[in-house]
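Using mature numbering (1 follows the signal peptide of the UniProt record, and there is no 0), the letters of the sequence shown map in sequence onto residues -18 to -1, 1 to 653.
One thing to keep in mind: the hints can contain errors.
When the alpha-carbon atoms are kept at most 25 Å apart in a straight line, the in silico SDA-like pairs for lysine to any residue are as follows [stated by the list, open to error]:
1) K634 with I599
2) K601 with E611
3) K629 with D555
4) K13 with S30
5) K217 with A202
6) K592 with I544
7) K592 with A540
8) K375 with K634
9) K305 with E291
10) K205 with K375
11) K336 with K297
12) K578 with R608
13) K369 with N334
14) K373 with G362
15) K369 with E315
Derived by calculation from the structure, the hints in this document are not laboratory data.
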Amino acid sequence: MKVICSFFLCLFTLSLSAQEVDLTSAVQSLKQKIHSSESGERLMWMDSLATLVEDRTDFGYDSIARSTIDYALELDSTRLALEHAIPLVDHITVGLGNPEEAIELFNNLRDRIPRDRYFMVLSDFYDEGAYSNMLLHRYVESLDLLEQAYEFSLQTNDRTDPGIFKEKIGTILCFMGEFQESAAALEEAYQILKDHSNPELAWRPKESLSILYSQNGLQAEAKKIRMEIIEEARKYGNIEAIHDQFYNQAFDEMLHGSQNEHLRYLDSVRAYTFIPEHNKFDIQESLVSQLGGYAENGMLEKAEEVKQELDEQRKQSEYFEIKEYNLAMAHYEFAKGNYQIAATLGEREYANVKDTQFYEGIYMAHGFLAKVYDSLGNLGRSHTHLKAYHKIKDSIETVQKANGFSYYQALYEAEKKDSEIASQKSEIALLNARNRAQNMWITFGGLGILAVLAILYLVWVQNATKRKQQAQARFSRNLIRGQEEERTRVARELHDGVGQKLMLLAKRSKSGEDAAVKSLAMDTLEELRSVSRHLHPATLEKLGFSGAIRAIIDEVDANTDIFFTHSIEDVDDLLNDEKSLQLYRIMQELLNNIVKHSGAREVSVDIERKAGTIEMIVKDNGKGFRFREKLRESGSLGMRTILERSKMAGAKLHVDSELSTGTTVSLEMAI
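Modelling step: build the complete structure from the supplied sequences, incorporating the hints.
In structure tokens, the structure reads:
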């Protein structure tokens, strides 16, 4: 028998070796064809090579895919570039475990890829970027990318993708703590999938909605949704959906101490565990849940049966590390009286979850360790874990109650519940005596008056605040206009008065001694002209807005170590004198801030006319700053001036900056 096994092992090894040789040969052949071809034919061979070595780091997949994408974009083959960008971002994120690098690649490609065609692959590309950001808990960026992916998906004929992206949006909103917005997005995803595509997919956002309700203390609503999913799933035989709802409901019952219900749903889970549709992970996760539940409730016979099945699964090649396995085994050993082993397993489980956001898992680990150390007689450690258990559990319940209250309040306002309110009023009238009814109406009347007064006060405060803000805005605009007028006046005085006299002095100096005086006069005149240019940009009148911007960038580029690149379209015909001046001053202030404070080595300036708008973007790779904090600082007059000038120009200002990530300032102005 051993000889036969060895023989087949050798055959298998030889087969793998032959495949590697064939792959190496194919790679070399394709590389030769790439080097000997050009244009479209070369791109075709590069496409074949990148596809052949996909995910194979030993064949240099990363560099091959990047070269293919760059060449595809060079030849304006956007679709092919996207088709290779999607698996490459996924490979770096998942395969290499480096979402930070994946985001850098995604951002680089996003700026180079057109967004007016190939919407299906474009939405998948943005989905990959959103996933990489989500792994790094950058939920705002992830949400923005998913919303763009959703908009792209609406441009396609596929009715499934919008529902899937809307579900992902709901999930990210949940991570951000936006409970009501998340619930609305998941409900919308359910309706999209139910009405416009295969209804069998609709249960997934509905399941996410049930989990969201459960996490926020709305167990009754969560259970109701799960039962609806089970009823719908039975119609089209979706065993996976039925199994998952029983599994989640069993987990909920366990969290809330309903052990009888927990065991009842565990039995239902067990009935749907070993089915062909389930993969190995689902089976093993289900067995782990059953093992922990039966052991915790002292049902050792069933626990032994489940453990044997789980051990069989662990012997197989496809075994996954289930996150609750240690805790389930800890309950099993505790039920058998092996307290020390149970404590070791409990500590292992706690070590796995303590630095995660799986708070239920953390407090369950604390609760078990409190119990096991109590059984071991270590009352000090038991008390420590018990305190931690109650602290986390109480915090979760407090948040759940608050979110539950918000949910019911929103539900009340949305649906009005006219019939329920009428019924309640009728019951109150029947149960209370006349005098109590009168007192109640008096009370409600008083509260109503207070509410009206409160509303009127809030409206007054809001209007007063608005008037104050408008007055401040007018004052700021008048101040800036006054400064510009004064600068213009001073600049003309310097040019026409002092400047003319210095020029006359320089021309009259003739002798050797006068030459020094002439040089000093000319230097002083040049400094005077520089001051005059800063006070009033004469280049704006001579060169126009676009030319003046190029000139000021070239001047800063020539006098600093910063490397500047710019792409400035001619937009002079779209701007009046007032807007040109304000945008020029904004650019002047931005460049001044970059030189003084940013520490940047590279700066790019882009001014582009688009459909109905002018967009101005200034981007540096400096040390960055926190915009909101800087705006609140009393000494940050520069940023306040930029903000006010952008309002005067009728432009929307957006500043994207964080420490150590550089700064991007964009202005968008309607034309």
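Checking one constraint from the list: CA of K601 to CA of E611, max 25 Å. Satisfied?
holds, 20 Å
Proposed proximity, K297 with K336 (alpha carbon, max 25 Å)
violated, 29 Å
Does A202 sit within 25 Å of K217, going by the straight-line distance between their CA atoms?
holds, 23 Å
Mind checking the alpha carbons of K369 and N334 for me, to see if they're no more than 25 Å apart?
holds, 20 Å
Please work out if K629 and D555 have their alpha carbons no farther apart than 25 Å.
Judged against 25 Å, a Cα distance of about 20 Å means the pair holds.
Going straight from one Cα to the other, do K592 and A540 come out at no more than 25 Å?
violated, 30 Å
Going straight from one Cα to the other, do K205 and K375 come out at no more than 25 Å?
Holds, at roughly 21 Å.
Check whether the Cα positions of K13 and S30 lie no farther apart than 25 Å.
holds, 10 Å
Taken at face value, is the distance from the CA of I544 to the CA of K592 at most 25 Å?
violated, 29 Å
Straight-line alpha-carbon gap K373 to G362, limit 25 Å
holds, 17 Å
Would you mind confirming whether the straight-line C-alpha gap from K578 to R608 stays at or under 25 Å?
holds, 16 Å
Starting from K369, check that the Cα of E315 is at most 25 Å away, please.
holds, 24 Å
Violated hints for the displayed structure, listed by number in ascending order: 6, 7, 8 and 11.
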